[in-house]
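Number of protein chains: 4
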Amino acid sequence: MPNSFGKIFTISTWGESHGPGIGVVIDGCPPLLPLSEADIQAELDRRKPGQSDIVTPRKEEDKVEILSGVYEGRTTGTPLALWVRNGDHRSSAYSEMRDKFRPSHADFAYQAKYGVRDPNGGGRSSARETIGRVAAGAIAKKLLASVGVEIRAYVSRIHDIVMPDLAPGDFPSLSAIESTAVRCPHGPTAERMIERIKAVRSEGDSVGGLIRCQIRGVPPGWGEPVFDRLEADLGKAMLSLPATKGFEVGSGFGGTLLRGSEHNDVWQMRDGQPRTVTNRSGGIQGGISNGEEIYFTVAFKPTATILQAQATVDIHGMDTTLMGKGRHDACVLPRAVPIVEAMAALVLVDHHMRQTAQRRSFP
Amino acid sequence: MPNSFGKIFTISTWGESHGPGIGVVIDGCPPLLPLSEADIQAELDRRKPGQSDIVTPRKEEDKVEILSGVYEGRTTGTPLALWVRNGDHRSSAYSEMRDKFRPSHADFAYQAKYGVRDPNGGGRSSARETIGRVAAGAIAKKLLASVGVEIRAYVSRIHDIVMPDLAPGDFPSLSAIESTAVRCPHGPTAERMIERIKAVRSEGDSVGGLIRCQIRGVPPGWGEPVFDRLEADLGKAMLSLPATKGFEVGSGFGGTLLRGSEHNDVWQMRDGQPRTVTNRSGGIQGGISNGEEIYFTVAFKPTATILQAQATVDIHGMDTTLMGKGRHDACVLPRAVPIVEAMAALVLVDHHMRQTAQRRSFP
Amino acid sequence: MPNSFGKIFTISTWGESHGPGIGVVIDGCPPLLPLSEADIQAELDRRKPGQSDIVTPRKEEDKVEILSGVYEGRTTGTPLALWVRNGDHRSSAYSEMRDKFRPSHADFAYQAKYGVRDPNGGGRSSARETIGRVAAGAIAKKLLASVGVEIRAYVSRIHDIVMPDLAPGDFPSLSAIESTAVRCPHGPTAERMIERIKAVRSEGDSVGGLIRCQIRGVPPGWGEPVFDRLEADLGKAMLSLPATKGFEVGSGFGGTLLRGSEHNDVWQMRDGQPRTVTNRSGGIQGGISNGEEIYFTVAFKPTATILQAQATVDIHGMDTTLMGKGRHDACVLPRAVPIVEAMAALVLVDHHMRQTAQRRSFP
Amino acid sequence: MPNSFGKIFTISTWGESHGPGIGVVIDGCPPLLPLSEADIQAELDRRKPGQSDIVTPRKEEDKVEILSGVYEGRTTGTPLALWVRNGDHRSSAYSEMRDKFRPSHADFAYQAKYGVRDPNGGGRSSARETIGRVAAGAIAKKLLASVGVEIRAYVSRIHDIVMPDLAPGDFPSLSAIESTAVRCPHGPTAERMIERIKAVRSEGDSVGGLIRCQIRGVPPGWGEPVFDRLEADLGKAMLSLPATKGFEVGSGFGGTLLRGSEHNDVWQMRDGQPRTVTNRSGGIQGGISNGEEIYFTVAFKPTATILQAQATVDIHGMDTTLMGKGRHDACVLPRAVPIVEAMAALVLVDHHMRQTAQRRSFP
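Chains as they are written, first to last, in my numbering: chain A, 265 to 627; chain B, 265 to 627; chain C, 265 to 627; chain D, 265 to 627.
Honestly, the hints are just simulated from the structure, not real lab data. For clarity, every value in this text was computed on a predicted model and none was experimentally measured. Cβ atoms here follow ideal geometry from the backbone N, Cα and C, with glycine treated the same way. You may find that some hints are simply not true.
[As the list claims (entries may be wrong)] So the derived label-pair ranges between C-beta atoms look like this:
{"hint": "1", "chain 1": "A", "residue 1": "D583", "chain 2": "C", "residue 2": "S410", "range": "34 to 40 Å"}
{"hint": "2", "chain 1": "A", "residue 1": "D363", "chain 2": "C", "residue 2": "G590", "range": "55 to 61 Å"}
{"hint": "3", "chain 1": "C", "residue 1": "S410", "chain 2": "D", "residue 2": "P428", "range": "51 to 57 Å"}
{"hint": "4", "chain 1": "A", "residue 1": "E329", "chain 2": "C", "residue 2": "A409", "range": "31 to 37 Å"}
{"hint": "5", "chain 1": "A", "residue 1": "F435", "chain 2": "B", "residue 2": "K589", "range": "34 to 40 Å"}
[Claimed, not checked] Every beta carbon over 10 Å from chain C, so not counted as near; a handful from chain B, in silico:
{"hint": "6", "residue": "D309"}
{"hint": "7", "residue": "G351"}
{"hint": "8", "residue": "S439"}
{"hint": "9", "residue": "E455"}
{"hint": "10", "residue": "L521"}
{"hint": "11", "residue": "D578"}
[Stated by the list, open to error] Simulated pairs of lysine to any residue, SDA-like, Cα-Cα distance not exceeding 25 Å:
{"hint": "12", "chain 1": "D", "residue 1": "K406", "chain 2": "B", "residue 2": "Q375"}
{"hint": "13", "chain 1": "A", "residue 1": "K406", "chain 2": "C", "residue 2": "G379"}
{"hint": "14", "chain 1": "A", "residue 1": "K327", "chain 2": "C", "residue 2": "P284"}
{"hint": "15", "chain 1": "B", "residue 1": "K406", "chain 2": "D", "residue 2": "K406"}
Assemble the whole structure, with the sequences as input and the hints as a guide.
See the structure below:
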């Protein structure tokens, strides 16, 4: 089931960019959770197009409808089906794509894999598919909030503009992040990032960057060695997102420049609990949460769609040129922030439920 | 099944560092593959302790036995069970670990998760568990070779000693890699790496670094969007290995510093096939192989075990000190090279079989 | 994923009796299959209410809509989402059910399991859920037809009215089955069955019976020992249908009255193939198809809803009485015939694809 | 993973009749369960050959060894690996089987499926594979006992010799069952069954029959609609056993002869709980346990191996004759009783853990 994610709390997404809509089925959700469309809509509004002047102007309401699984305002424990109707189709903008493979897009790979592809807006490979993830993630976040887990993602770098390091223990507020169009909680950096995005966009070009995610409140014990380690499942979740090229947890790539004596997180008793003095492990050891803050970083490449002429080939095997058109994000990161949070939430809910099954079923 | 990996070609590992042995069950292996213990032993010998003077001197033969699934020298299509008996137990070396949590190890997390842990040699969290992966990977590599796929991993950085970039199209030979104890195909760099490892070891310290993996011969079409993208499954595979902190594919983290116009891989016809001129995508687009070389890099932290005194806490909740003892690798990377290859092979065999199922079942 | 079925060709159903609709997501469908809503509608029409004077008069068009996965009339290999809007809600008919548990229905069990239930029309436990199965099964049947596999189910007993045994090798025609409202291919028996159903219905009562299913064209080799034996997966498929109480394959329960010497299917060469002289194995040996016709029988209990007063308890823990109301089938079997076929088709497509993966991926 | 069973508490079996041994890996077992080899051996002794004068005299100790997952007498929550070495190989007895397909055995189907098979003792298709199930089931039964669930299987019919019906509420004692070689708790019937088995054996023939299983102590709420209904998973579990041809739960096939008004289980308050007056549902409604006793019946065909000459074909496609040899059970049912219990236990543990995950993870 390549379009399903999770072992116990499972989501299955469907839909294409220019079909009737995008949907998700959630199986295994606990019953009795109060849930309305408004709970979900809030997260979808964070990823929807047209929300600011640095994202694609495609006009989509992205209005969610709950089709099953809720009775009198609470989940029933049976499958939740959610969907968002697609609105602003402009297939004409994509007519050239029927015949030509866009560079660094999925066009050729889909054609090679399936022998057919829906070229309108990228079909299934469109980032609109992540609507289903964000909708399901909204429910996962609500569940996690009930056990004290908070997830906060934000843009930490756009192109070469880096946000200053936060002080240890700092957990950016949602309002700080949401107050800037680029979703970077450091105001002055955010301004420079926005300028950069506008500048490259005006040149028909694009940029990428980094999203950082911090998670607090996860108790020790989540994560399932040896293959379903928490960082492995978080990594898979992030690398399943369009445009991602890298993932690091805790000290990450930089940590490999330290010696063991510099890198190790020594233990001390704090407030009656074993706690680490530093947190280069990123809150995960041996694949299991250790009670410290979990943090990781995801690398997003520059948007493949650029409004410039590029060499390419067509489906008849001829060299040709493609001129980028259509409405696109010159930088996907601002809208990817809620998607990163959603995927993190889905991983965590699932691991919490797995841990419950193993530890709380028998006396 | 947290100890199983793969959807169709599936492995399940078991065993602890100091128990009777380490094993793996492989389900879904195609029948009729010629297979002997020697095929598997060759790969195990690349990961076994004591193979050179820069790895742990723990004495283990790591001799594999096939317990099922082979008849008259060929696989039968039913489960393959393989195991390696543990030999060189020195539980006494670990007696202190019963009571104290080793910094940056899995001890505390296992105790918190399960309420119990086998402290001898780290029990299940020991890297000896990867024996099962390497054994299964040997079979996967043999299958892949039959369809022209080659996987080559090597150490590209130890601490801050970096191997020079290879020229595009360069594919290091196995002999070049195996000719140095550190498994870096660039001789002069390898020498400096070995010196560094010996130097930090003599100080009771440790180092980490990077392993790079290149894969050639994968045809277009492997990888299963949207969640089981090829890079997502490769990333999960690598991040499920002990001591890994990061994964990047293609241009990775560095690629985020480029603009779209600099990053995109434009298409051209070459030898009658659509091919990319550059390969910043790393051979994967939209989660699917595109026929170009696949490459990725994995970050390994410095070994957590150091032969120095470190602050820690004990299982009674008291602050204390732990003095590292036992036989360990001051740097895990040389022995991790065949493990990276094994995990990559497992991912690829599985995805090839999934693609076959979807594309070759019906006319 | 309790609402998903299949390993490679996978369906996930959602929806309740009185919600907006009933749907199914199909993941893993091969691409390039010509598919229209008409292909699916034909099967849905066989299960829809109001189709004859012996089934429930609930008025539902059960009109299927394809929401994703088809491009220009062919499947794309990405998820197919199908749904049917619910129409003829009469929640008022169920108001009493909010408070009282219907005997031999799922009401109490759902309430106990989830702590909540949607009482309207049985909510998720309604047999309307099988719409998704039939829709997906229509696609599976179309795939199977392309490799020469035919599935034929029919009613072989209603209450104590048994259809005469078919001659060995007889494979009832679809038209013979569809020509009677009860879907029994033996006309005189069908008439008696219809009379019986009308008679018990007029008394506010209900009856059950047996559905037999024959499958021809399955080559040797489908089925996955040891747990996913073909008969085990067929059995699970059938026992996952509402109102089923038993499943037997080949000689079934009756075969246990024979001795081995009477029961064994001896081999002979026929048309150059090893064939069995008899077929008490039901076309499956050791969990694997052997090339003979597969056949099995499913037992359906009498409909639990009867239009009579029955003792029961309410959600407040008081003994009470419930008077059956609403529009129901006095016998579910005529409408269950296409559902049995659909589930069989789903099992077979999945097993064929699994076999392809294992046998056709490597030279 | 065709050789794995269960979603959370998962077993994977491996091994052939005449290989080094038979094993099982159990993943997802809760930690801290006291466990020794003796706990498991007791169940294996109930299925081992040579235990009485009506079963095969093959001499096997079937001595279990725990290879991983237990530390200081308690499970660790990591994989349990168990195995039993094969002892009494007599491959010579099977030399004829290399070339000839035994009637109603898996020989031809395995050959067709895999293109190869291990003919010694049936290889993987041997019932010795069930050793792994019984070993894992012993652990599952121990877990279930800790929450008050008891499983009791017994032989209710051999050939046409039927045990009298038990009174409602009767739950046969283990000692009553184990006191007869045939594992039928009704002494006089057991004697007749034993005589029948001996009589048919003396003629080189075989018989089958029915095993009934009763389960008490399951609370309301286990079972996962719509596909993983409790009866569907029990049915699959039983139909995955060698030689099974049918499964029925509750009123089963016989219940289809009743009208709804006769079949329904009406509710009444009893001891403060909603309880059914009758139990034709077999303790399961809508796929979920309802708190009543669960019971089902499994049909086992007569043993395929008979010591008589039978027509067959050989692997060269020639008609021939096979004379049955070797040591076999003229009736598998006495030894199948603990296997039925084991599979039932595995299903129930898994469903209990799934229910815990969904209901106890969040407040």
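Hints, one by one, checked against the model:
1. A:D583 x C:S410: 34 to 40 Å: Between D583 of chain A and S410 of chain C, where Cβ atoms are some 37 Å apart, the hint holds.
2. A:D363 x C:G590: 55 to 61 Å: 56 Å, holds
3. C:S410 x D:P428: 51 to 57 Å: 53 Å, holds
4. A:E329 x C:A409: 31 to 37 Å: 35 Å, holds
5. A:F435 x B:K589: 34 to 40 Å: 38 Å, holds
6. D309: Nearest chain C Cβ is 25 Å from D309 of chain B, so the label holds.
7. G351: 33 Å, holds
8. S439: 26 Å, holds
9. E455: Answer for E455 of chain B: holds, closest chain C Cβ roughly 40 Å.
10. L521: 33 Å, holds
11. D578: For D578 of chain B, whose nearest Cβ neighbour in chain C is about 42 Å away, the distance exceeds 10 Å, so it holds.
12. D:K406 x B:Q375: This hinted pair holds, its Cα atoms lying about 23 Å apart.
13. A:K406 x C:G379: Answer holds: K406 of chain A to G379 of chain C is near 19 Å, not above 25 Å.
14. A:K327 x C:P284: Status holds; Cα separation ~16 Å.
15. B:K406 x D:K406: Between K406 of chain B and K406 of chain D the Cα gap is close to 42 Å, so the pair fails against 25 Å, i.e. violated.
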